[in-house]
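Undergrad: Construct the complete structure from the given sequences, taking the supplied hints into account.
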Amino acid sequence: MRLILYSKPGCHLCEGLQEKLEQVQNLNFELEVRDITTREDWFLAYQYEVPVICLSNHPGAEDTEGKAIEERLPRPSPRASVQQLAQMLGKYLSN
1 MRLILYSKPG CHLCEGLQEK LEQVQNLNFE LEVRDITTRE DWFLAYQYEV PVICLSNHPG
61 AEDTEGKAIE ERLPRPSPRA SVQQLAQMLG KYLSN
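Just so we're aligned, residue 1 is where the sequence shown starts under this note's numbering, counting upward by one.
Quick caveat, the hints were computed from the structure, so don't treat them as lab data. Among the hints, a few may not be true.
Simulated restraints, written as ranges between beta carbons of each label pair [claimed, not checked]:
no.: 1; residue 1: Thr38; residue 2: Gln84; range: 28 to 36 Å
no.: 2; residue 1: Ile69; residue 2: Leu44; range: 13 to 21 Å
no.: 3; residue 1: Asn28; residue 2: Ile69; range: 17 to 25 Å
no.: 4; residue 1: Gln83; residue 2: Glu40; range: 33 to 41 Å
no.: 5; residue 1: Val82; residue 2: Glu40; range: 32 to 40 Å
no.: 6; residue 1: Asn26; residue 2: Gln47; range: 31 to 39 Å
no.: 7; residue 1: Gln83; residue 2: Asp41; range: 32 to 40 Å
no.: 8; residue 1: Tyr48; residue 2: Asn26; range: 27 to 35 Å
no.: 9; residue 1: Glu40; residue 2: Lys91; range: 30 to 38 Å
Built from N, CA and C at the ideal position, the CB exists for glycine as well.
TA: Pasting the structure below:
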């Protein structure tokens, strides 16, 4: 499974969430960080909403052309601990 974190430079919430995601253990996922300032479509979609976490490449998550569909996950509280973040992610990664 792959988690995608949409972020932008200078976003302290994004940096904090990325640090916590990198500390999560015992869950099998690959973290991909996407800078929304590098693509106009990402910027238009997420400029007021970063950080955004999406889950990609899970079974049954392809569109009719076989492309992976990203499922947007709820944004965790900036105050959530690494353990709380892991519990939340575990619910989505186990599906």
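Undergrad: A separate judgement is required for each hint: does it hold in the structure or not?
TA: Now for the hints, and whether the structure bears them out:
no.: 1; hint: Thr38 - Gln84: 28 to 36 Å; verdict: 30 Å, holds
no.: 2; hint: Ile69 - Leu44: 13 to 21 Å; verdict: 19 Å, holds
no.: 3; hint: Asn28 - Ile69: 17 to 25 Å; verdict: 20 Å, holds
no.: 4; hint: Gln83 - Glu40: 33 to 41 Å; verdict: 37 Å, holds
no.: 5; hint: Val82 - Glu40: 32 to 40 Å; verdict: 33 Å, holds
no.: 6; hint: Asn26 - Gln47: 31 to 39 Å; verdict: 34 Å, holds
no.: 7; hint: Gln83 - Asp41: 32 to 40 Å; verdict: 34 Å, holds
no.: 8; hint: Tyr48 - Asn26: 27 to 35 Å; verdict: 33 Å, holds
no.: 9; hint: Glu40 - Lys91: 30 to 38 Å; verdict: 33 Å, holds
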